[in-house]
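J.: Residue-level listing of the chains:
There are 2 protein chains.
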Amino acid sequence: MFNSIALVGGTHGNETSGIQLIRNWQQFGLPARFDELNVSLSIANEAALAANVRFVEEDLNRQFTLAGLANESRAKEAVLAKSLNQQLGPKGNSKTDFVIDIHNTTSEMGATLIILEVDEFHTQLARYVKHHMPEANILVEDEKPYLDHGYLCTTGKKGVMIEVGGQPQGMLREDVYLLTQTMAEVILDFCMAYNNGSISTDNLPQCEAFRLGENVGFPLDENGQRTAMIHHALQDSDFKPLMPGMPVFRTFDGKDITWNSDKETYPHFINEAAYFKLDVAFATAQRIIL
Amino acid sequence: MFNSIALVGGTHGNETSGIQLIRNWQQFGLPARFDELNVSLSIANEAALAANVRFVEEDLNRQFTLAGLANESRAKEAVLAKSLNQQLGPKGNSKTDFVIDIHNTTSEMGATLIILEVDEFHTQLARYVKHHMPEANILVEDEKPYLDHGYLCTTGKKGVMIEVGGQPQGMLREDVYLLTQTMAEVILDFCMAYNNGSISTDNLPQCEAFRLGENVGFPLDENGQRTAMIHHALQDSDFKPLMPGMPVFRTFDGKDITWNSDKETYPHFINEAAYFKLDVAFATAQRIIL
Numbered sequence: 001m002f003n004s005i006a007l008v009g010g011t012h013g014n015e016t017s018g019i020q021l022i023r024n025w026q027q028f029g030l031p032a033r034f035d036e037l038n039v040s041l042s043i044a045n046e047a048a049l050a051a052n053v054r055f056v057e058e059d060l061n062r063q064f065t066l067a068g069l070a071n072e073s074r075a076k077e078a079v080l081a082k083s084l085n086q087q088l089g090p091k092g093n094s095k096t097d098f099v100i101d102i103h104n105t106t107s108e109m110g111a112t113l114i115i116l117e118v119d120e121f122h123t124q125l126a127r128y129v130k131h132h133m134p135e136a137n138i139l140v141e142d143e144k145p146y147l148d149h150g151y152l153c154t155t156g157k158k159g160v161m162i163e164v165g166g167q168p169q170g171m172l173r174e175d176v177y178l179l180t181q182t183m184a185e186v187i188l189d190f191c192m193a194y195n196n197g198s199i200s201t202d203n204l205p206q207c208e209a210f211r212l213g214e215n216v217g218f219p220l221d222e223n224g225q226r227t228a229m230i231h232h233a234l235q236d237s238d239f240k241p242l243m244p245g246m247p248v249f250r251t252f253d254g255k256d257i258t259w260n261s262d263k264e265t266y267p268h269f270i271n272e273a274a275y276f277k278l279d280v281a282f283a284t285a286q287r288i289i290l
Numbered sequence: 001m002f003n004s005i006a007l008v009g010g011t012h013g014n015e016t017s018g019i020q021l022i023r024n025w026q027q028f029g030l031p032a033r034f035d036e037l038n039v040s041l042s043i044a045n046e047a048a049l050a051a052n053v054r055f056v057e058e059d060l061n062r063q064f065t066l067a068g069l070a071n072e073s074r075a076k077e078a079v080l081a082k083s084l085n086q087q088l089g090p091k092g093n094s095k096t097d098f099v100i101d102i103h104n105t106t107s108e109m110g111a112t113l114i115i116l117e118v119d120e121f122h123t124q125l126a127r128y129v130k131h132h133m134p135e136a137n138i139l140v141e142d143e144k145p146y147l148d149h150g151y152l153c154t155t156g157k158k159g160v161m162i163e164v165g166g167q168p169q170g171m172l173r174e175d176v177y178l179l180t181q182t183m184a185e186v187i188l189d190f191c192m193a194y195n196n197g198s199i200s201t202d203n204l205p206q207c208e209a210f211r212l213g214e215n216v217g218f219p220l221d222e223n224g225q226r227t228a229m230i231h232h233a234l235q236d237s238d239f240k241p242l243m244p245g246m247p248v249f250r251t252f253d254g255k256d257i258t259w260n261s262d263k264e265t266y267p268h269f270i271n272e273a274a275y276f277k278l279d280v281a282f283a284t285a286q287r288i289i290l
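Protein chains in written order, with full-length UniProt numbering: chain A, 1 to 290; chain B, 1 to 290.
The following block holds chain A by itself, in its conformation from the complex (with noise of 0.2 Å):
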């Protein structure tokens, strides 16, 4: 049962489609469909969006290790973290059945739900929300502990993001935005079957997700200067399959480079805005059935 909920906008503070989605749920209050639920509403950091950033200091999203909760870095996102841990959390020992934290991306990834573990419950949601939302993209990263990752929607007992592309940061398309809220609708109305208890998977077909691999950085001569682009070919081909030999990267000086791999894979976070500066070109995933 989930008595309680937390969907959580604002923690990039340039994502502007979760913050003006809690915001509107705010002023006009969640479709009445969900009235049974128990929701919280909040922007995580309010400091960020003041100052159309991703964060202020350090990268909200990357604070919620165990050990990062409980170190005396005075950073500002790193107190901000102490403090949504605690209202939130505490992570590990958590008052949120649920936290939904929903971000968006520069990638043309769609609407795509992010879960942390492959449980029973996991695969349920993913195939709910596959089903009801077919144009949806599942991600897996559970290539470590739920309790091991950073992110702020591991302060709940069980967390997962929504992540709507593409949209630059600091503005808001009506596309990301309408995604994001169908993304958030269909994860709550998830919840409502699951109390009830008409969710099972043997009732849920099956659905394709994608389980994460690994960066692959853009190429950088002897000084640390990139020396080539995302291939127009790669570009906003997110989740589509990247076959060896396909263009990958373009040259400054005009030539392709391909993917040198012997098997496909499935590319995402292509040229992500956030990552740029740490030249980091896409995300690896392989193809899997749930």
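Heads up, some of the hints might be wrong.
The list makes no distinction among identical chains, and a pair is therefore deemed to hold if it is satisfied within one copy or across any two copies.
[Stated by the list, open to error] Derived DMTMM-like pairs: lysine to aspartate or glutamate, alpha-carbon spacing no greater than 25 Å straight-line:
#1 Lys263 x Glu108
#2 Lys240 x Glu174
#3 Lys255 x Asp148
#4 Lys95 x Glu264
#5 Lys82 x Glu36
#6 Lys277 x Glu214
#7 Lys157 x Asp35
#8 Lys255 x Glu185
#9 Lys255 x Asp175
#10 Lys240 x Asp175
Calculated directly from the structure, the hints in this document are not laboratory data. All values derive from a computational prediction rather than experimental measurement.
Model the placement of chain B on the given structure of chain A, informed by the hints.
T.: For chain B alone, coordinates are given in the frame of chain A:
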């Protein structure tokens, strides 16, 4: 005759396509056909680049009025503007014949040439660009005299801007990069032809252009909070005719707001992220023939 041409990128530190083009031409050289031109390449605001922001304290591309260049402001970009004015200008008595300043936008404006005067020279330039790059748009901002603008490019005897989109801030798309490169090359081709005396208005066909009207703001409530977003029918429709009665905004409680005017306009800078905090939704324009 153009004896000195300045190509500038990074006037806004998170507009990556112009920055990368300048860096690549610095590394690989300009195309050989431009060898006879005297072209300087520079990055305007390295501090904003390092911080991955549009500007550190004030918008650099609003500092170059004669009054602004004469004042005592110690803001980082005000100080930088005075230094750049010595290097490129001084404005009103410039050593540089032509300053070409390269920008990008989150709006779907394609490759846009912004000119600040409609005289014989700029008419030739606009027609030449449109003739050799038919996908280009010509935007005319001649609502005040050339020297009254605060733009960096007005440090030159003549100055124009290249504005290409849509591209999120702080990342690089190959399509936007290539449009930027193509427009820069076509402008330099024009300079060669102009120097050779092979340009006259008579031998270039007339072209379509758009004369800047005014900014249209987002609808706000009594607390200054936005009540609507750009309508999906308007999003990405830069320079397409917006007719009376067509939808412009979608309110957060689901109503459409239409273009309430008795004549068409040509919206651009639709949903530009840099203007979002200023509550500017788009700019209007009138279609003209040059």
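J.: Up to 25 Å between alpha-carbons, please classify Lys255 paired with Asp175: within, between, both or neither.
T.: Result: close only across copies, 15 Å inter versus 35 Å intra.
J.: How would you classify Lys255 and Glu185 at a CA-CA limit of 25 Å: within, between, both, or neither?
T.: Classified as between; 20 Å across copies, 45 Å inside a copy.
J.: My question is about Lys240 and Asp175: at a cut-off of 25 Å on alpha-carbon distance, are they close within one copy, between copies, both, or neither?
T.: Classified as both; 20 Å inside a copy, 19 Å across copies.
J.: With identical chains, the pair Lys157 and Asp35 could be close in the same copy or across copies; at 25 Å between alpha carbons, which is it: within, between, both, or neither?
T.: For Lys157 and Asp35, only the intra-copy Cα distance (22 Å) is at most 25 Å; the inter-copy one is 66 Å.
J.: Regarding Lys255 and Asp148, is the shortest C-alpha distance of 25 Å or less found within a copy, between copies, in both, or in neither?
T.: neither (41 Å within a copy, 44 Å between copies)
J.: Taking 25 Å as the upper bound on the Cα-Cα distance, should Lys263 and Glu108 be classified as within, between, both, or neither?
T.: within (23 Å within a copy, 35 Å between copies)
J.: Since the copies are identical, ignore which copy is meant and state whether Lys82 and Glu36 lie within 25 Å (CA to CA) inside a copy, between copies, both or neither.
T.: Neither way: Lys82 and Glu36 sit 30 Å apart in one copy and 62 Å across, limit 25 Å.
J.: Within a copy, between copies, both or neither: which one fits Lys240 and Glu174 at a CA-CA cutoff of 25 Å?
T.: both (24 Å within a copy, 19 Å between copies)
J.: Should Lys277 paired with Glu214 be assigned to within, between, both, or neither, using CA atoms and 25 Å as the limit?
T.: within (17 Å within a copy, 35 Å between copies)
J.: Cα distance capped at 25 Å. Does Lys95 pair with Glu264 within a copy, between copies, both, or neither?
T.: Classified as neither; 42 Å inside a copy, 56 Å across copies.
Hint compliance for this structure: hints 3, 4, 5 are broken, all remaining hints hold.
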